[in-house]
Amino acid sequence: MIEMQNITKYYDNFRALNNFNLKVEKGEILGLLGPNGAGKTTAMRILTCFLPASSGKASVAGFDIFEDSVEVRRRLGYLPETPPLYPEMSVNSYLNFVGEIRELPKSVRKQRIGYVCERIGLDAYKGRVINTLSKGYRQRVGLAQALLHNPEVLILDEPTVGLDPNQIIEIRNLVKDLAQDHTIILSTHILPEVSMTCGRVVIINEGEIAAVDSVQNLEKNATGRPAWKIVLKAPDNFDWQTIVNKAPDAQINDLIQGDASEFKLRLNRSEDFDDLFKVLTKENCVFREITPIKATLEDVFLKITLGEERKENA
Amino acid sequence: MKVLAIMKRELQSFFFSPIAYIVFAAFMTIVGYLFWIVLATSKMATLEPMLYNAAFILLLASPVLTMRLISEEKKSRTIELLLTSPISPAEIILGKFLACFVLYAVLIALTLQYPLIMWYYAPNLDWGPIISGYIGLLLLGGAFISVGVFASTLTENQIIAAMISFGSLVLFWIFGWAKHAFENAFGQMISNLSVFDRYSEFLRGILDSGNVVFFAVFTLTWLFLATRALESDRWR
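Residue numbers (this note's numbering), protein chains in the order written: chain Y, 1 to 314; chain P, 315 to 550.
In short, the hints are calculated from the structure, not lab data.
One should not assume that every hint holds.
[What the hints assert, rightly or not] Covered by chain P, per the in silico footprint, the following chain Y stretches (three or more residues, Cβ under 8 Å): (1) 86-96; (2) 162-172; (3) 277-285.
[What the hints assert, rightly or not] Derived EDC-like pairs (lysine to aspartate or glutamate); straight-line CA-CA distance at most 20 Å: (4) P:Lys316 with Y:Glu103; (5) P:Lys388 with Y:Glu88; (6) P:Lys322 with Y:Asp68; (7) P:Lys316 with Y:Glu71; (8) P:Lys322 with Y:Glu103; (9) P:Lys316 with Y:Asp239.
In this text, all values refer to a predicted model and were calculated from it rather than measured experimentally.
A virtual CB, placed ideally from N, CA and C, is assigned to each residue, including glycine.
Here chain P stands alone, though its shape is the one from the complex (with noise of 0.2 Å):
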């Protein structure tokens, strides 16, 4: 398998550099501080303000994660070993993609301690807007995770990759307020774009398959994108 063979690579050079371990040093010190903080301020056995503050600690960290996918490739002129190898973009960018979500889900997992501490404290948890808050982090992922790989094909510097897709998911994030600023279809047109406002829904406990259609046709756009912006290069 390819798609497997790249993504295998992908992870193993993800922690031959300083940056996964960076990256996951600071958001577990993060969230384990707004587990505190939040508890407690509120004294409320929830969940949902950590799940929410992550989301967006995640949204600042996952450019960081996805700038080098196929940025550094093209710098380094490895690309030219991919494109004249019997593979096509897609499976390179799925694989990408995939590489960078496992990591993304062992980062989440990581945080699963949070639940497990609050549960033995409070045995009656409500565990569902718990799992359904979860499962809206791994989609919200994947959609963080799709927009930088799509950013990452546009330019072989990864800074500007990053800011690329720090851009866009910011926007994406705040696209909500639209509905606030024209009460009429038009706003609420643009807010049905927002990320922030699915994934708020997640946090409540609802899971609705609208929902989960957004994030992936979301997130399968992005990756069909990156798959065209690659194939492009060859024709500049």
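Okay, chain Y solo, but in the shape it has when bound (with noise of 0.2 Å):
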């Protein structure tokens, strides 16, 4: 459904993307995650036709964005960072703006508003003038301005910014929802959001594809070797060294629980666990906490962004 080759921007003599390359199949959604100015706005403007990309080729439904902007741009529902809303105009004669620019005639117009405001939960707002409302509901008229058109790409630069956690959740369920239909391109720094939305994750930094994969093969492979956190009380001639030489890098933090020591070790095996839970036991040591240790996505991210790894995963 769209498709970036090489994609390269240059602002004067700042690259903000370098050979970017990406695909996105038909119903799937998209995550793309960086850190600010990682490029992420970058790649969503060029895929719009608001920018254009200083080398490489793009599509969208099988047209080419330089070739055919108009054909692309009729495809295509944006959210940019910043809804763009005129704030002196009613929902309602907004949403009928955009639908006429969109070029939809007159009696779908009206239809394919009722239902996007019945959808967005904005069909109580829709007399409002948009100065009126709250950061939330702006947020919502943007998304409605995305949809109105019934597109088949939906591109939406961080959705969720500023709004309440009740509201970051209906906009998450909706795109999932959203999902059926269309073919959806979003940008986040949050991670959750990834994680609960995407179903494919493009991890970008400086401009360049750090990772690509889905958000479980992400954490899997981030978590490497198998890890817990244990907590446990262990009686007063307990010899640590039994804990180190089963597991030679365990870091144990002394009685930092009261009467208990906490310490995470990381194993070769699953298996080493297993004797080295029996030796502890053995030696009337009391758990009070075994944790295994998975990486999240945060790891994944901070790992990749912060340089570590980033030949390999990429």
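Dock chain one against chain two, each of which comes alone in its own frame, and use the hints as you go.
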């Protein structure tokens, strides 16, 4: 549905995107993840024909973004970082205007405005002047604008920024819902958002793709060797060396939780944990907590964007 | 019609902000004063001095009307909506121009009360120069607005846009002085660009097709440049 090939973008001498390659299939939700200034917005602006790339090729729904820019724009819905709203207009007249420039015939326009407002929860706000709406509702109007012409492709630039937790959940569910009939690219720097909504994640750093994979795979790869966090109460004469013998890289923080000790360890094989467990129970240790440590997307993200393992994952 | 959609929305927002009302009020006050003072001094049934001065007031007022046209879209980022919709920069520029021109035409139409008042007291009023004067005023308005639209595409700062269009308009107003400075072909060439010289011919009742063509070409040129400037934003 969407394809970007070797897209490079310079702003004067600053390289915002470097050899960007991306393929998104129909019905997919793709998350663009990266720190601020990584190039997420630039990539989206190129796809929406708002900015031209310095070099490279891209197409949306089979139409080249340079050659058939109008055809591409007809098939795109775009919610920029700042929702493009006219503060003095009412929600209804704003959406009507968007419908007009989106080439919807009058009868279809009315029906689509009704449908979109209902779906986004704007029904009660149609008559309100945009200026008087809260940030969350403005974001919804922005989203309504992007959906109005029922585009094949939706591009959402940080759709949940500035919303309160309830609204974030609503918008996330909405986005998931929409994926049934739309192909969606969304950008964010909120990690849980990606794990919850997106099927696939592209991690961008300094204008380059640092990793592309499903959320599960990225997490699995980052975890590496199995690891645990253990809190236990040891008898007074306990020899801590017992643990170190089994797990050489265990970090032991003595007595950090009242009378118990906490330590983290990483083992080569899961079976090693069984042995350790047996030894510790024999020594009369009391377990307070045993938690397997799983890498979150956050770890993946930090690892990649801080430069470690960048080459390996790329 | 996407051009009409742009125009309609623009007109709406003109009347949502106080700018249009203030410009209307200021212009009507000044023109009313001019009509009275000119008539009181000259005691002649002619509108030429009033229309001549009205044009100068419009030169001051039109940058205020045009400054926000594109600048504001850039500042509030709504330009992203327009440029990612299936609408061309030319349609955007044309819609904006027409909106402002309609506003201007309404403003001009409000001054038609003065020739009517004059006609009431002077039934043998010479309508020729008045009609050609109003045609000139409309053409002049198109020229003023097109320069303003162009200036507004250059920046997201409305004050800068107003200053650029004001500066350019004054320059095109006083180009006519060149023919007194250099009494040769060069001076004549520059003063041919003067919108004021051409406008004053309309006031004298001369409907010269050359002047009409000049205003049409002048307006289209600036609108074309504005379209180009809006397109070039993407390339920067």
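Now for the hints, and whether the structure bears them out:
A count of 5 residues in the stretch 86-96 of chain Y with a Cβ less than 8 Å from any Cβ of chain P is obtained; the coverage claim is therefore met, three being the minimum. Here the stretch 162-172 of chain Y counts 0 residues with a CB under 8 Å from a CB of chain P, which misses the bar of 3, and the coverage is violated. Judged by the Cβ-Cβ criterion of 8 Å, the stretch 277-285 of chain Y is not covered by chain P as claimed, because only 0 of its residues qualify and three are needed. At roughly 8 Å between alpha-carbon atoms, Lys316 of chain P and Glu103 of chain Y fall within 20 Å of each other, so this suggested pair holds.
Restraint check for Lys388 of chain P and Glu88 of chain Y: the C-alpha separation of about 16 Å stays at or below 20 Å, so the hint holds. A threshold of 20 Å between alpha carbons decides the hint, and for Lys322 of chain P with Asp68 of chain Y the separation of about 28 Å lies outside it, so the pair is violated. With a C-alpha separation of about 16 Å, the suggested pair Lys316 of chain P and Glu71 of chain Y falls inside the 20 Å cut-off, and the hint holds. A hinted pair counts as satisfied when its Cα atoms are at most 20 Å apart, and Lys322 of chain P with Glu103 of chain Y qualifies at roughly 15 Å.
A distance of roughly 81 Å separates the Cα atoms of Lys316 of chain P and Asp239 of chain Y; the hinted pair therefore is violated under the 20 Å criterion.
Hint check: violations occur at hints 2, 3, 6, 9; the rest are consistent with the structure.
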